[in-house]
Amino acid sequence: MKFFFHPSPNPMKVALLLEELQTPYELIGVDTFKGEQHLPAFLAINPNAKVPALIDGDATVFDSQAILLHLAQKHQRFLPTTAAGNAELLSWLMFIATGLSPFSGQAVHFLHHAPEDLPYAKNRYLKEVERHYRVLDQRLADHPYLAGDTYSIADMALWGWANYAPYILGENGLEAYPNVKRLFDEISARPAAQRAHGLKGQLVLKAEFDEETRRNLFPQNQAQ
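With our numbering applied, the sequence shown covers 53 to 276.
Derived from the structure by calculation, the hints contain no laboratory data.
Any given hint could be a false lead.
Said to hold, decoys possible - No farther apart than 25 Å at their CA atoms in a straight line, the calculated lysine to any residue pairs in the SDA-like style are these: (1) K233 with G250; (2) K252 with L73; (3) K252 with N98; (4) K126 with T112; (5) K233 with T202; (6) K258 with V160; (7) K54 with P76; (8) K126 with R247; (9) K174 with E227; (10) K54 with Q125; (11) K86 with V256; (12) K252 with L91; (13) K54 with A111; (14) K174 with F162; (15) K233 with P243; (16) K54 with L269; (17) K233 with Y219; (18) K126 with L79; (19) K102 with A118; (20) K102 with L73; (21) K233 with A244; (22) K102 with Q274; (23) K258 with Y216; (24) K179 with P218; (25) K86 with S60; (26) K102 with N273; (27) K54 with K102; (28) K258 with I80; (29) K179 with P167; (30) K102 with Q254; (31) K258 with H165; (32) K86 with L251; (33) K252 with R242; (34) K54 with G81; (35) K54 with E88; (36) K174 with Q272; (37) K233 with T150.
Given these sequences and hints, build the entire structure.
Laid out in structure tokens, this is it:
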């Protein structure tokens, strides 16, 4: 198994699951700041030029949510055991995939990396991130985990982005969302989460967010 990784929110979801499963894999760093995601060899794995990606025997999977589902179904772990529970899992997994993830990504872009100050865009995406966290917090007020009573890949998907909440929400981070914070802290204390965080130390990656990084992360803007 080959895991193509950069220590950013979406790959961290998959890193957590792989470490929870304790299944052997080869860690392959993709230095997105240097543009390695655009190399032909990686585009053959993920034509969308994004991490994470996974080669699992004959199966090649990209998109973090797809990889979570692939691995959980393959190993039959971190999934509910009833049809009703599975419906809840899919609902919350897709809520994160189509809501929290993209709105968080756009909030990061406009708050920290846009070449010009756009107050409307900053407010739009920040407020949507806050709204999504309120929905999650309300769910977790009544349930220990997103899919009900059992820790699942939906919680891992949330954890991937919750790691970066202070970068979006400010120094108070998740303090306004105590139920999300409770789950985040619980997951972060797990040995698998600590090992997932340690993967960054196994790689030598560019850290500077300079003009080269901007071109590699947002090449469509350069084309404009």
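Here is what the structure says about each hint:
Between K233 and G250 the alpha-carbon distance is near 21 Å, which keeps this suggested pair within the 25 Å criterion. Between K252 and L73 the CA atoms are separated by roughly 19 Å; this keeps the pair inside 25 Å, and the hint holds. A hinted pair counts as satisfied when its Cα atoms are at most 25 Å apart, and K252 with N98 qualifies at roughly 21 Å. Proximity of K126 to T112 is assessed by CA-CA distance (about 13 Å); at most 25 Å being required, the pair is judged to hold.
For a cut-off of 25 Å, the pair hint linking K233 to T202 stands: about 17 Å separates their Cα positions. Restraint check: the Cα-Cα separation between K258 and V160 comes to about 19 Å, which is no more than 25 Å; the hinted pair holds. For the given pair, K54 sits about 9 Å from P76 by alpha-carbon distance, which is consistent with the 25 Å threshold. Annotation: proposed proximity of K126 to R247 holds, straight-line Cα distance about 22 Å (limit 25 Å).
Of the pairs offered as hints, the one joining K174 and E227 holds, with about 21 Å between alpha carbons and a cut-off of 25 Å not exceeded. With a C-alpha separation of about 18 Å, the suggested pair K54 and Q125 falls inside the 25 Å cut-off, and the hint holds. Between K86 and V256, the direct Cα distance comes to roughly 12 Å. Compliance with the 25 Å bound is thereby established for this hinted pair. Between K252 and L91, the direct Cα distance comes to roughly 21 Å. Compliance with the 25 Å bound is thereby established for this hinted pair.
The suggested pairing of K54 with A111 holds, with an alpha-carbon distance near 11 Å, which does not exceed 25 Å. Between K174 and F162, the direct Cα distance comes to roughly 5 Å. Compliance with the 25 Å bound is thereby established for this hinted pair. Taking the CA atoms of K233 and P243, the gap is about 18 Å. The hint holds against a cut of 25 Å. Note on K54 and L269: the hinted pairing holds, with a Cα-Cα distance of about 23 Å set against a maximum of 25 Å.
For the given pair, K233 sits about 15 Å from Y219 by alpha-carbon distance, which is consistent with the 25 Å threshold. The suggested pairing of K126 with L79 holds, with an alpha-carbon distance near 20 Å, which does not exceed 25 Å. The straight-line distance between the Cα atoms of K102 and A118 is roughly 13 Å, inside the 25 Å bound, and the hint therefore holds. Of the pairs offered as hints, the one joining K102 and L73 holds, with about 23 Å between alpha carbons and a cut-off of 25 Å not exceeded.
With a CA separation close to 18 Å, the supplied pair K233 and A244 stays within the 25 Å bound. Proximity of K102 to Q274 is assessed by CA-CA distance (about 18 Å); at most 25 Å being required, the pair is judged to hold. For the given pair, K258 sits about 19 Å from Y216 by alpha-carbon distance, which is consistent with the 25 Å threshold. Between K179 and P218 the CA atoms are separated by roughly 14 Å; this keeps the pair inside 25 Å, and the hint holds.
Distance restraint check for K86 and S60: the Cα-Cα separation of roughly 14 Å lies within the 25 Å cut-off, and the hinted pair is therefore satisfied. The suggested pairing of K102 with N273 holds, with an alpha-carbon distance near 16 Å, which does not exceed 25 Å. Under the criterion of a C-alpha separation no larger than 25 Å, the hint pairing K54 with K102 is consistent with the structure, at around 15 Å. With a C-alpha separation of about 15 Å, the suggested pairing of K258 with I80 holds against the 25 Å cut-off.
Pair hint K179 plus P167 holds up; C-alpha atoms about 21 Å apart against a cutoff of 25 Å. Between K102 and Q254 the CA atoms are separated by roughly 20 Å; this keeps the pair inside 25 Å, and the hint holds. Distance restraint check for K258 and H165: the Cα-Cα separation of roughly 17 Å lies within the 25 Å cut-off, and the hinted pair is therefore satisfied. Of the supplied pair hints, the one linking K86 and L251 holds, its CA atoms being roughly 19 Å apart against a limit of 25 Å.
For the given pair, K252 sits about 17 Å from R242 by alpha-carbon distance, which is consistent with the 25 Å threshold. Note on K54 and G81: the hinted pairing holds, with a Cα-Cα distance of about 10 Å set against a maximum of 25 Å. Restraint check: the Cα-Cα separation between K54 and E88 comes to about 16 Å, which is no more than 25 Å; the hinted pair holds. Using a Cα cut-off of 25 Å, the hinted pair K174 and Q272 holds, with the two alpha carbons roughly 20 Å apart.
For a cut-off of 25 Å, the pair hint linking K233 to T150 stands: about 21 Å separates their Cα positions.
Checked against the numbered hints above, the structure violates none of them.
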